[in-house]
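Student: As a plain string of letters, each chain reads:
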Amino acid sequence: DAGVTQSPTHLIKTRGQHVTLRCSPISGHKSVSWYQQVLGQGPQFIFQYYEKEERGRGNFPDRFSARQFPNYSSELNVNALLLGDSALYLCASSLSGVSSYNEQFFGPGTRLTVL
Amino acid sequence: QKEVEQDPGPLSVPEGAIVSLNCTYSNSAFQYFMWYRQYSRKGPELLMYTYSSGNKEDGRFTAQVDKSSKYISLFIRDSQPSDSATYLCAPLSGGYNKLIFGAGTRLAVHP
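Order-wise, the sequence lines are chains X and P.
What the first sequence shows, in the working numbering, is residues 4 to 118, in sequence order.
What the second sequence shows, in the working numbering, is residues 2 to 112, in sequence order.
Treat the hints as calculated values from the structure; they're not laboratory data.
Possibly wrong hints are sitting among the right ones.
Claimed, not checked - Examples of chain P residues toward chain X, derived with CB under 10 angstroms: (1) Pro9; (2) Ser13; (3) Tyr37; (4) Pro45; (5) Phe76; (6) Arg78; (7) Leu89; (8) Leu93; (9) Gly105; (10) Leu108; (11) Val110; (12) Pro112.
Unchecked claim - On the chain X side, residues computed to face chain P include the following (Cβ under 10 angstroms): (13) Tyr38; (14) Asn80; (15) Gln107.
For glycine and all other residues, C-beta sits at the position ideal for the given N, C-alpha and C.
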């Protein structure tokens, strides 16, 4: 079975640009969460989506947005990129996770570099 | 103050050593406590988790939670070079899917 897939693997953008990152969850999983991991730090929670609705949001500015599609895949969008947005963006999928604990499975991440 | 504090290391040990990795946390409402392992240029993978206080053993790995002192530990026995990775503690916050990660401890096990 395929795990969580993310695209692209690497991305280089300049300040002020917009970026879209994509995630496909494990088949049968309905919840997707996004995390930002800056070099040398642990991942930081950005969003959780379940059944196409936002269920949780971390302490990130409105430049960050996301959505989940009917097939449960997800996109993370970041507008007006800043140098500090350079990080590894991780997607995690789980069966549910809104009513009880469900293991989160992480993808390999998208490494974003903002110049 | 960060919700989860973890010494980033790096920690270097010889093969066969017992490794102790630790975190402290501030939110007494946390009930689930995860340990993730992250190899270079990969996403984190779940090693094990515990619920509330107590110990849990899985092969060479033992996770320990002391809720009275808000202290989380992971012990690795008979460490191997393949254990070289970054280890992340992550309590689970309300809503069941929000992981609060520590900074991660970089471990190197040398032959």
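Student: None of the hints should be skipped; say for each whether it holds.
Tutor: Hint check:
no., hint, verdict
1, Pro9, "holds, 7 angstroms"
2, Ser13, "violated, 17 angstroms"
3, Tyr37, "holds, 8 angstroms"
4, Pro45, "holds, 5 angstroms"
5, Phe76, "violated, 20 angstroms"
6, Arg78, "violated, 24 angstroms"
7, Leu89, "holds, 5 angstroms"
8, Leu93, "holds, 7 angstroms"
9, Gly105, "holds, 5 angstroms"
10, Leu108, "violated, 15 angstroms"
11, Val110, "violated, 20 angstroms"
12, Pro112, "violated, 26 angstroms"
13, Tyr38, "holds, 8 angstroms"
14, Asn80, "violated, 20 angstroms"
15, Gln107, "holds, 7 angstroms"
Hints 2, 5, 6, 10, 11, 12, 14 from the earlier list are contradicted by this structure; the remaining hints agree with it.
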